[in-house]
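Quick note on the UniProt record's numbering: the sequence shown kicks off at 1 and runs consecutively.
No lab work stands behind these hints, which were simulated from the structure alone.
Warning: the hint list may mix true and false statements.
[To be verified] FRET-style restraints, in silico, Cβ to Cβ:
1. Ala73 <-> Thr2: 15 to 25 Å
2. Arg88 <-> Arg50: 26 to 36 Å
3. Tyr37 <-> Gln62: 17 to 27 Å
4. Gln7 <-> Arg88: 20 to 30 Å
If you're wondering where the values come from, they're calculated on a predicted model, not measured in any experiment.
Yeah, the Cβ is synthetic: ideal placement off N, Cα and C, and Gly gets one too.
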Amino acid sequence: MTWKELQMQLDPLPETEFIQFVAVSVDAPKIAFPRAYFVFKNDEDIITFRDRFNGYVFIDSQGSESMGLVELAPNPKEKRRTREEERRARLQRLYDKEQREKAERNETKKITEFRNSKFERSALKEKSNDR
Numbered sequence: 001m002t003w004k005e006l007q008m009q010l011d012p013l014p015e016t017e018f019i020q021f022v023a024v025s026v027d028a029p030k031i032a033f034p035r036a037y038f039v040f041k042n043d044e045d046i047i048t049f050r051d052r053f054n055g056y057v058f059i060d061s062q063g064s065e066s067m068g069l070v071e072l073a074p075n076p077k078e079k080r081r082t083r084e085e086e087r088r089a090r091l092q093r094l095y096d097k098e099q100r101e102k103a104e105r106n107e108t109k110k111i112t113e114f115r116n117s118k119f120e121r122s123a124l125k126e127k128s129n130d131r
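Work the whole structure out from these sequences, hints included.
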């Protein structure tokens, strides 16, 4: 199958950022299939394309039939650093949350210690003795 034959069967094709067609080479094994790679601009187009062409039977100029297989794969253009930055931001949020909770626990502890301090207990004893 050539790119032109595939393009006619895929028409209309959603808007893409990148297309690569890998034809079967002459010295390829007896059972070999062409491949096409697409990078779509819109995520909704990915799902539409998958629903439309996964399992679709393509027919080339010689009458040979091939079933289409659509696989979703990560885009190699997306930097891995973004994942690392997201992880760092998430860890920073967790750290900040833990620090706030720790500060709140310390404030609660100080209030509790004051209420249970010797000073307060002695004042209560004096009041009870005065009666």
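Hints, verified against the model:
{"no.": "1", "hint": "Ala73 <-> Thr2: 15 to 25 Å", "result": "holds, 24 Å"}
{"no.": "2", "hint": "Arg88 <-> Arg50: 26 to 36 Å", "result": "holds, 33 Å"}
{"no.": "3", "hint": "Tyr37 <-> Gln62: 17 to 27 Å", "result": "holds, 24 Å"}
{"no.": "4", "hint": "Gln7 <-> Arg88: 20 to 30 Å", "result": "violated, 43 Å"}
In this structure, the one hint that does not hold is number 4.
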